[in-house]
Amino acid sequence: MARPPLQVLDAAPGAPVRVRSFQPPGHIRTPHYLRGKCGVIERRLGPFGNPEQLAYGLPGDPLPLYRVRFTMAEVWGGKAERPDDTLDAEIYGHWLEPA
Amino acid sequence: MPHDHLSPSGHPYRADNDMPLTYWQCMEIAMRELLIEKGVTTTAEIAAQIDAMDARSPADGARVVARAWCDPAFRQRLLADASAASRELGFDIGALRLIAVENTQDVHNVIVCTLCSCYPRNLLGLSPDWYKSREYRSRVVVEPRRVLAEFGLTLPDTTTIRVHDSTADMRYIVIPARPAGTEGLDETALAALVTRDSMIGTGLARSPA
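Protein chains in written order, with the numbering used here: chain A, 358 to 456; chain B, 66 to 274.
Some hints could be false.
[Stated by the list, open to error] Chain B stretches covered by chain A per the calculated footprint, using a threshold of three residues with CB under 8 angstroms from any CB of chain A: (1) 208-217; (2) 220-226.
[As the list claims (entries may be wrong)] Chain B residues, not near chain A, derived (Cβ > 10 angstroms throughout): (3) 97; (4) 244; (5) 273.
Simulated from the structure, these hints should not be mistaken for laboratory data. The structure displayed is predicted, hence computed values, not measured ones. Think of the CB as a built atom: it goes at the ideal place given N, C-alpha and C, for glycine as much as any other residue.
Could you put together the complete structure from these sequences and hints?
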């Protein structure tokens, strides 16, 4: 099955975003536990080559990389130790959509 | 007479590694020999790189932290671009892209890589074994307070914990809070208080004796 075309988020710090919840095969650097979760852009980094291409020896399309901040309540729901502790992760622009 | 597998100290012996090479070990040796044969690199260069990596240690990161404690302008540059600030102190960190996150009275930061074991080794040297364990990597994102308590670090409820998962191109160093009672210490004395764990976030900087 073909992957959907890359839609790359262009967003500034503070913007609310959601991690896409698709499940493509292959080398992925978006942790499973964050898929579908909503957070806020903490800062913008990059561009960096797309690791999903680099992992196979292909040239990596340059992508913005975002540090996204999630609350523990958003990630773990009622199981969070403390709801407003946070988790920051680096997510490439094609894995994010506006929320 | 290996009827048990404990040394006189009571600890188990580490198993000898005299089994056949694995697939990936063969691959590494073949690749290294080819690169040398074709003149891309030399045995001396490879040995020098290994020596350079072994020479890196948490003491390098500790010097960066101590400078940040003493020099507000350096601290600003470190928070803005930790790679450039580390190079400014003369550290050869190669292509390392570093972000510094700062502990304050209200915020405590802790670093993990859930996907593999990314670590700022070009500044801090090789990572501790536990940092690469599945247990640390999977638990610290779910229950950081319990994990930190197991490290002997119990944080008050008023402290917000920020866990940083190094999922991609950046690496992280925690700037621990400067301990109380260190006003008179110089930078070298301060650096001696900065532990490896305090720069991962599983500990605090030591208090002066």
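Consistency of the hints with the structure:
1. Under a criterion of three residues with beta carbons nearer than 8 angstroms to beta carbons of chain A, the stated coverage of the region 208-217 of chain B is upheld, 4 such residues being counted.
2. Chain A is given as covering the region 220-226 of chain B, and this holds because 3 residues of the stretch bring a CB closer than 8 angstroms to a CB of that chain, at least three being needed.
3. The non-interface label for residue 97 of chain B is consistent with chain A: the shortest C-beta to C-beta separation is roughly 19 angstroms, beyond 10 angstroms.
4. The Cβ of residue 244 of chain B lies farther than 10 angstroms from every Cβ of chain A, with a closest approach of about 23 angstroms, so its non-interface assignment holds.
5. With a least beta-carbon separation of about 30 angstroms from chain A, residue 273 of chain B lies farther than 10 angstroms from that chain, consistent with its non-interface assignment.
Going down the numbered hints, you'll see the structure goes against none, and every one checks out.
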